[in-house]
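Asks: Here's the letter readout for the chains.
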Amino acid sequence: MATNERERAVLSLKGVTKRIGGKTIVEGLGFELFPGEIVGLLGPNGAGKTTTIRMIVGLIGMTEGDISIGGHSIRSEFTKAIRHVGGIIENPEFYPYMTGLDNLKQYRRMTDGITDERFQEVIRLVGLEDALNKRVKAYSLGMRQRLGIAQALLHKPSLLILDEPTNGLDPAGIREMRDYLKEIASKEGIAILISSHLLSEIEQICGRVVVIQNGKLVTVRDIGEQQNKAERSQIEVVVRATPLTVARQALDRLDMVQVTRVFEERNELLLSLKDEDIPLVVKALGEHDAALYRIEEAKSTLEEEFLKWTGGNRIA
Amino acid sequence: MLNHGSGFGKLVVNEWLKLSKKRSFFIAFLIMAGFVALLAYLTTIAPSGETYTALRFAAECMEIRGLGSIMLYIVIISTSGIVAREHSMGTIKFLMIRAHGRSRILASKYVVALLYMLALAVFTLAVTLAAGWVVFGFGASEVSWADLFLQALYTLVYMFVYTTFVFMIGVLTRSAGATIGIGMFAVVLQSILNMVLSRYAFAKYLLFTNTDLSVYATNTAPIKGMTLTFSVIILSVYVILFLAASFVTFKRRDIA
Ligand SMILES: Nc1ncnc2c1ncn2[C@@H]1O[C@H](COP(=O)(O)OP(=O)(O)OP(=O)(O)O)[C@@H](O)[C@H]1O
Ligand SMILES: [Mg+2]
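Residue numbers (this note's numbering), protein chains in the order written: chain F, 1 to 316; chain R, 317 to 572.
Be careful, since some hints might not be right.
[Stated by the list, open to error] Cross-link-like lysine-lysine pairs, in silico, DSBU-like; alpha carbons within 30 Å at most: (1) F:156 x R:326; (2) F:137 x R:326; (3) F:80 x R:326.
[Stated by the list, open to error] Among chain R residues calculated to face chain F with C-beta under 8 Å, some are: (4) 323; (5) 326; (6) 329; (7) 330; (8) 339; (9) 406; (10) 407; (11) 409; (12) 414; (13) 570; (14) 571.
[To be verified] Chain F is nowhere near these chain R residues, computed Cβ spacing over 12 Å in every case: (15) 359; (16) 463; (17) 550.
Since the hints were made in silico from the structure, they are not lab data. Bear in mind that the values here come from a model prediction, so they are computed numbers and not experimental data. The C-beta atom is built at its ideal place from N, Cα and C for all residues, glycine as well.
Using the sequences provided together with the hints, build the complete structure.
Replies: Pasting the structure below:
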């Protein structure tokens, strides 16, 4: 089972370490990506995300460890490993004096077997039909970003690596991009690694996050639906009821409900309990003549979790 | 070469397009044409009393002291950015994450630097012949076609060595500006150093003293004991060193 899992991994990092001039930038980093998975790479500024991504695509070497893509080591079998990778690393940069089309053709020539059909499909997909004959010099950041995505997708990669991909995209563009990434991940089984500071963005698109700080792995977590399922047993809800003291006494009497926090100024209680016990809460409040205004689930956002994981001293 | 491995030829096409799609591309050729026209005009008004033919005019133009060094300056300026600008523009990132080894990418760039040099030289040769034909005609001449091509060949060797040197500087410095500066400086330094250093025996092992092979056509070795074979060997050694330094550096480098 374990070896099978390993073999299935599109991307796997093992003990990856990068030292530059005695300074350790990434240390003993290890994680894996499987087909069809969208994973967020998170961390505060300077955590080592871009450095990690540069190592994955072979732009910089690693001091220790190894990275394999589709079973091929990026160190010893570079061309085989990189063949199935598409990526944008930091800002997408193009030849400014050439048109978008000419730029894209450059990358088309670098991989065999990109059909006209595929070429047109990618152009349509990133919505650049109208701008393609303009020189890239005249492109906005969002347009360059789209062209960057186009060059990453041309050769139908099985691993897509995106460093800040939505940087500069307008809300419609971000949404299109999100929908598209989800689609290619689920339909074509492409694994996608995204580094971003927009945690709400990550939250909407990723099934899993890898959090790093100071070059070290902090945690790997499932988020989204998978997380809900896993934590279904115990949930947190906020109850607003008056008088608060009465409500509290009533709820304290229930064994299966724990009052974890009290917000007096808002007349709210934070409860930890099982889903099926919620009717008991309503009943208890009614019996003690506490007026109930609302019950809502207290979902902690990825942002809050992120600040917890990274100590919250620095903003992502 | 074109069919071996997947698409080295296509890499060369890419590099050529990157060079030729610049607006400044044709200016280089225009400048050369301008110089040829100027030389043709100056030759007609010069009261030398000598008779010129198209071949003689072309051969003199193609000398290193004729248009050779001007061509070289243009090649230096035009090819300085082949590697350096990829770094400064950041385009190197997309270039290096394709299924081509770094050596292959660099080799395609080097090939295009040489192709550009060749294109400029062939163009200049054609223009000098055309201008010479219009102005002087193809009369009987003591300069033969063979002499002309040999002259062009000497100049090509000279340009080839410096183009390789400049290519290496581009890889090492990653700055087009620095590459142009160092390249130009080296070319200018050559003429000065040759005069100063010709007294010393060790100077025959320097690059500068060996780049002009045309001296052997008139049997005047710059330093005693130097022969055509000797110079060719020395030049080859330098070219190999320049290329080794370029490829080793480029292969190992972290791309930030
Ligand atoms: N070439 C280098 N030499 C020395 N230090 C470097 C080099 N490249 C990066 N660093 C350092 O490594 C650390 C990680 O940088 P990196 O760019 O990977 O961070 P990041 O997680 O991408 O940050 P951001 O969120 O700001 O994009 C930083 O402290 C940076 O200063
Ligand atoms: Mg970064």
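Asks: Does each hint fit the structure? Answer for all of them.
Replies: Here is what the structure says about each hint:
{"no.": "1", "hint": "F:156 x R:326", "result": "holds, 19 Å"}
{"no.": "2", "hint": "F:137 x R:326", "result": "holds, 24 Å"}
{"no.": "3", "hint": "F:80 x R:326", "result": "holds, 19 Å"}
{"no.": "4", "hint": "323", "result": "holds, 6 Å"}
{"no.": "5", "hint": "326", "result": "holds, 4 Å"}
{"no.": "6", "hint": "329", "result": "holds, 6 Å"}
{"no.": "7", "hint": "330", "result": "holds, 5 Å"}
{"no.": "8", "hint": "339", "result": "holds, 7 Å"}
{"no.": "9", "hint": "406", "result": "holds, 3 Å"}
{"no.": "10", "hint": "407", "result": "holds, 5 Å"}
{"no.": "11", "hint": "409", "result": "holds, 5 Å"}
{"no.": "12", "hint": "414", "result": "holds, 4 Å"}
{"no.": "13", "hint": "570", "result": "holds, 4 Å"}
{"no.": "14", "hint": "571", "result": "holds, 4 Å"}
{"no.": "15", "hint": "359", "result": "holds, 38 Å"}
{"no.": "16", "hint": "463", "result": "holds, 41 Å"}
{"no.": "17", "hint": "550", "result": "holds, 35 Å"}
In this structure, every one of the numbered hints holds.
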